[in-house]
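Student: Below are the chains, spelled out letter by letter.
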Amino acid sequence: MTKIDALMSWKEVPVGCHVPEAGSTVHYKTGDWRSQRPILDREKCIYCAMCWIYCPEGCYEDMGPEEKYYKVDLDFCKGCGICAHECPRDAIEMVPEEV
Amino acid sequence: MTGRTGIEVSLALSEAVKMANADVIAAYPITPQTHIVEHLSELVADGELDAEFVPVESEHSAMSACLGSSAAGARTFTATSSQGLALMHEILYIAPAMRLPIVLAVANRALSAPISIWNDHSDIMGERDTGWIQLFAENGQEVFDLTLQAFRIAEDPRVMLPVAVNLDGFTLSHVIEPVIFPEQKLVDQFLPVYRPQIRLDPAKPLSMGMFGIPEIYTETKRASEMALMDSKAVIVKVWDEFEALFGRKYSPIETYKTEDADTILVSMGSVSETAMTAIDEMRADGKKVGLVRIRMWRPFPDEEFKAAVAGARVIGVTDRSITPGSHAGPVFMEIRSLLYALPERPAVFGFSLGLGGRDVTRDNYKYIYDQCQVLEDTGQDRYEMVGVME
Amino acid sequence: MTADAMIDFQKMTAKTIPAEDMLAPGHRACQGCGEVLALRLLMKAVGPETIAVSATGCMEVVSSTFPQSSWRVPWVHVAFENAAAVASGVEAGYKAMRRKGRIPDKRTAILAIAGDGGTADIGLQALSGALERGHDFVYICLDNEAYMNTGIQRSSSTPYGAMTTTSPPGKVHPLGQITWKKNMPAIAVAHNVPYVATASPAYHLDMMNKIRKAVAMPGAAYLHVYAPCPTGWRMRPELSVESARLVVQTQVFPLYEVVNGRYILSRKVNKPKPLKEYLQQQGRFRHLDDKTVAEIEARLHAEYDKIARLAEADAPAEEKEAKK
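Chains as they are written, first to last, in our numbering: chain A, 1 to 99; chain B, 1 to 390; chain C, 1 to 324.
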């Protein structure tokens with residue numbers, strides 16, 4: 001079971017302070033960092049994958065050849081705006097997070 | 001080779017690494033370690049040892065490569081001295097914290113400045129607090145045996161800590177001594193193939209070398225400390241196994257004529273043999289003196305040491321290094337601190353000698369004995385640097 | 001695999017980019033970090049049969065805060081200046097264990113990943129040793145042109161005229177960084193390794209194919225990757241990819257490979273965009289006057305031309321004939 005915080009008995013620390021669970025940062029939701037979020041206009045989307053490729057978090061998901069768009073995972077999106085800036089059809093708009 | 005052979009001690013060490021079937025040797029040459037790594041290179045080149053010999057470009061890279069190799073799951077060895085050990089310093093702390101079972105031979109040599117290629121213990125004393133298991137050899141047989149034992153101890157799943165085997169540079173590394181070489185099949189029985197559960201393996205990806213925020217750092221240090229303390233019990237068990245297979249007994253400390261001694265001297269390393277000869281001569285003179293030789297420096301064997309000196313009135317500790325700015329050499333500090341809590345404690349005095357390759361003689365030990373008697377009455381707080389030209 | 005055998009190398013295309021990421025989200029990189037983007041794409045390209053060795057730096061810190069890790073491949077971090085030495089040890093260990101039959105006899109990609117600090121400065125010795133010994137590994141330098149993790153201090157990879165916290169433009173010394181960027185790819189080439197290349201995450205297929213080539217080539221390989229840092233360069237975070245594109249289009253960062261000593265230009269930039277277009281996105285160059293910018297631009301073009309001429313000279317005879 002993954003611990004989210006680092007508070008534990010010294011006896012619970014894994015040997016060598018190693019982390020045995022690969023990719024366990026998926027339990028740390030960086031989505032609360034952002035002050036703006038990407039909103040996709042699906043009419044304009046040409047399913048070119050640039051948003052998926054250029055997202056530093058890798059938090060876009062391929063919705064498949066039927067749906068033909070990429071969906072952002074708001075659990076991790078930091079609101080950097082690269083996807084909106086790189087989209088060749090200006091299909092993504094960065095919109096301020098609600099206060 | 002098997003049986004009793006006269007051999008340069010450095011080469012005996014290399015032969016032990018060969019018999020242990022090490023996988024990776026990453027080393028950088030420095031006097032007086034050179035014969036160890038040169039002989040290992042020959043053994044690899046001649047196909048007598050199937051290992052990767054990595055001629056790294058510095059000792060810092062040597063220890064770094066050893067960490068990588070050990071993390072990958074390979075049986076790993078390196079050797080160094082003095083400046084080379086000092087250059088490894090940063091990485092030396094990391095190996096035990098990451099629980100990587102590397103074996104390091106240190107041909108003890110004085111630290112600069114001034115630059116010296118000769119023997120004392122200042123190099124390893126600078127690494128006292130790194131968390132390594134640290135053992136001291138007294139003679140050629142011990143060097144061979146401790147090296148084999150080091151792999152066994154380090155790789156034991158209950159230990160998983162790196163081990164430093166110390167041998168005095170030149171005075172032990174470069175002398176020819178009789179060494180009994182066991183049969184390979186006995187060595188294989190004692191030291192099985194290394195198959196770590198935790199290693200870098202794409203089939204079971206894990207991360208090593210984490211960023212330790214304040215919430216966890218204290219706990220990791222406690223865990224490391226306990227790992228080192230708990231290793232003593234395993235080391236003693238390994239020594240029992242060794243005795244059963246090879247017939248030679250090893251203990252954390254060795255005592256020599258201490259049973260009725262009122263004065264006990266303490267030594268570490270090859271000077272112990274000189275000390276024992278001096279003790280014999282003093283005993284012939286009617287002096288009730290004995291010697292405790294420390295083999296296991298880290299973790300320090302508290303109980304064994306206290307038991308060994310139980311009857312003594314005064315203890316003279318010899319150090320082969322100094323700790324400037326304090327009032328004690330490192331071994332002296334350790335022992336005085338250990339014995340301070342005793343309800344009835346002996347007087348403890350410290351003597352630093354044999355620095356930078358200066359000879360340690362029987363007369364030195366006789367002087368130290370006499371000084372202990374004098375000081376017991378007059379008291380002395382600081383260590384004495386024996387034999388310094390005033 | 002020789003250069004000829006590289007002809008059989010299967011290029012990754014837009015359609016064959018793997019879906020899986022070997023670097024998981026939830027890492028603590030800044031918003032818009034160009035370095036973690038490059039790292040994510042590189043790791044995607046190499047896949048799971050990989051061991052990664054990181055030097056201390058941004059990528060190491062953001063991906064490995066205990067008790068979590070972003071890494072989906074086995075990963076080890078030891079110290080700042082020794083990624084190449086640790087990787088040498090991993091490689092030697094794997095080689096020995098394979099040969100002695102303790103692990104399956106199949107090739108595992110071994111990567112050493114460091115920033116420009118951990119490569120060009122404190123890590124240079126270990127890198128040189130590892131390249132000279134020819135270990136079968138790939139060294140990746142993620143170059144964001146300063147010691148970013150410790151707070152934007154200069155490195156030998158900081159470009160001439162850039163502001164950093166240890167090369168700040170001041171009243172008496174107004175320039176910023178007074179030395180020219182150290183040419184790390186040339187240093188790697190001087191070690192006679194089979195494969196050296198430069199890459200930018202804006203040209204992601206080129207970059208991903210280069211790392212795959214580097215892994216496929218037996219022996220040591222060096223990959224120098226341009227990594228925009230919005231935080232350190234005082235740049236809006238959404239511009240990271242555009243910056244990585246402009247840096248190539250202005251000839252600031254030529255994209256090329258050196259395969260067994262032979263230079264190959266990956267992208268010809270015949271009509272470079274004005275340097276100003278690249279510089280004005282970044283606050284770290286704001287203090288430069290036009291004269292200095294012109295001097296810098298001239299030298300950058302000269303350096304690009306040098307690479308282009310080397311590539312021209314190294315081009316096989318048939319290619320030259322075809323061009324005539």
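What the hints contain is simulated information worked out from the structure, not anything from laboratory work. Incorrect hints may have been included.
Every beta carbon over 10 angstroms from chain A, so not counted as near; a handful from chain B, in silico [unchecked claim]:
no.: 1; residue: 45
no.: 2; residue: 220
no.: 3; residue: 233
no.: 4; residue: 249
The following label-pair restraints were derived from C-beta to C-beta distances [unchecked claim]:
no.: 5; chain 1: C; residue 1: 178; chain 2: A; residue 2: 96; range: 37 to 45 angstroms
no.: 6; chain 1: C; residue 1: 264; chain 2: A; residue 2: 43; range: 40 to 48 angstroms
no.: 7; chain 1: C; residue 1: 173; chain 2: A; residue 2: 97; range: 50 to 58 angstroms
no.: 8; chain 1: B; residue 1: 307; chain 2: A; residue 2: 20; range: 37 to 45 angstroms
no.: 9; chain 1: B; residue 1: 226; chain 2: A; residue 2: 74; range: 40 to 48 angstroms
no.: 10; chain 1: A; residue 1: 27; chain 2: C; residue 2: 173; range: 34 to 42 angstroms
no.: 11; chain 1: B; residue 1: 241; chain 2: C; residue 2: 190; range: 39 to 47 angstroms
no.: 12; chain 1: C; residue 1: 20; chain 2: B; residue 2: 50; range: 32 to 40 angstroms
no.: 13; chain 1: C; residue 1: 10; chain 2: A; residue 2: 67; range: 42 to 50 angstroms
no.: 14; chain 1: B; residue 1: 229; chain 2: A; residue 2: 74; range: 43 to 51 angstroms
no.: 15; chain 1: C; residue 1: 14; chain 2: A; residue 2: 74; range: 22 to 30 angstroms
no.: 16; chain 1: A; residue 1: 20; chain 2: B; residue 2: 356; range: 24 to 32 angstroms
Quantities reported herein were computed from a predicted structural model and do not represent experimental measurements. Using N, Cα and C, we set each Cβ at its ideal position, and we do this for glycine too.
Student: Against each hint, give a clear statement of whether it holds in the structure.
Tutor: To see whether the hints hold, each was checked on the structure:
no.	hint	result
1	45	holds (34 angstroms)
2	220	violated (5 angstroms)
3	233	holds (17 angstroms)
4	249	holds (31 angstroms)
5	C:178 with A:96: 37 to 45 angstroms	holds (42 angstroms)
6	C:264 with A:43: 40 to 48 angstroms	holds (42 angstroms)
7	C:173 with A:97: 50 to 58 angstroms	violated (42 angstroms)
8	B:307 with A:20: 37 to 45 angstroms	holds (41 angstroms)
9	B:226 with A:74: 40 to 48 angstroms	holds (43 angstroms)
10	A:27 with C:173: 34 to 42 angstroms	violated (47 angstroms)
11	B:241 with C:190: 39 to 47 angstroms	violated (52 angstroms)
12	C:20 with B:50: 32 to 40 angstroms	holds (37 angstroms)
13	C:10 with A:67: 42 to 50 angstroms	violated (29 angstroms)
14	B:229 with A:74: 43 to 51 angstroms	holds (48 angstroms)
15	C:14 with A:74: 22 to 30 angstroms	holds (26 angstroms)
16	A:20 with B:356: 24 to 32 angstroms	violated (48 angstroms)
When the structure is compared with the earlier hints, violations turn up for hints 2, 7, 10, 11, 13, 16 and for no others.
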